[in-house]
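In my numbering, the protein residues as written are 852 to 1109.
Check the hints yourself; a few may be wrong.
Stated by the list, open to error - With a straight-line cut-off of 20 angstroms between C-alpha atoms, the simulated DMTMM-like cross-links for lysine to aspartate or glutamate are:
#, residue 1, residue 2
1, Lys994, Glu1025
2, Lys922, Glu1098
3, Lys950, Glu1088
4, Lys969, Glu990
5, Lys994, Glu965
Claimed, not checked - Quick list of the computed label-pair ranges, beta carbon to beta carbon:
#, residue 1, residue 2, range
6, Lys969, Asp861, 31 to 41 angstroms
7, Glu1098, Leu853, 30 to 40 angstroms
8, Lys969, Val882, 33 to 43 angstroms
9, Glu909, Asp861, 33 to 43 angstroms
Calculated directly from the structure, the hints in this document are not laboratory data.
Note that CB positions come from ideal geometry on N, CA and C, so glycine has one too.
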Amino acid sequence: MLTPDVLFEDSDILVIEKPAGFIVNRADTTVNQPTVQEWAEEILNIKYKRANRKEGSEFVKRGGVVHRLDKETSGILIIAKNEESFENLQRQFKESRVKKTYIALCHGEIKPPEGEVKIPIGRLPWNRMRFGVLPQGREARSKYKVLSIKYLPRTDAVRGLVSNGEREPLSLVEVYPETGRTHQIRVHMQYIGHPVFADELYAGRKVSKRDRKLLPRHFLHASKISFIHPKTGRSMEFESTLPPDLENFLSSLKTVQQ
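Could you put the whole structure together from the sequences, leaning on the hints where they help?
Printed below as a string of structure tokens:
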């Protein structure tokens, strides 16, 4: 069973590292699948307290989970241990006071190496599982910085998947989302023509199928987060290194000398 690692815990908050494949929130589509929410409810005994909470409490509905990560995305997640902390942290997210950094590996060489994507995002009417750039969508802003340019080595495994002589660059980037829309980073990187590696929804069927023979989940990791402690008012910052699957895949790539 998937279990998150605890980075920090006190009487008000719990900061964890979510492993890839662990669904965050319970839904009709997650029956018989473990979720972070159920794990948190067990830890915090929220189900037992349900009768004592006001009707419709978001804290209870979400099991204290303040924000979300996609199922395949690994990294840092904040859980509130009480109603007051939950409301305070949600307010910080809504006011964009929580600073987040993600590590992503994207197709192609991203130019310029630093930039901002500011384009609205909404759920696609013709495919409710996907989001995309829509004029009537919600405002979404992501900044990025290229860390290095990689490419797949010419190993036997790779030769069978790419054309002879093909040397597609891959950009290792830090992404700083200033809003928190669903699939925001994945949609924004696709929009600028550099989808996340092995992204089944946004890299295209042919490309993602090839990618996932090399890496069975998309390369996206929530690596840093900073916020104000809801009770003490202290500035809090946490970091999470790449998990072994992403680190091992990254180590297998060649780096382009700048």
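Which of the stated hints cannot be reconciled with the structure, identified by number in ascending sequence? Hints 7 and 9 are the ones this structure does not satisfy, whereas the remaining hints hold.
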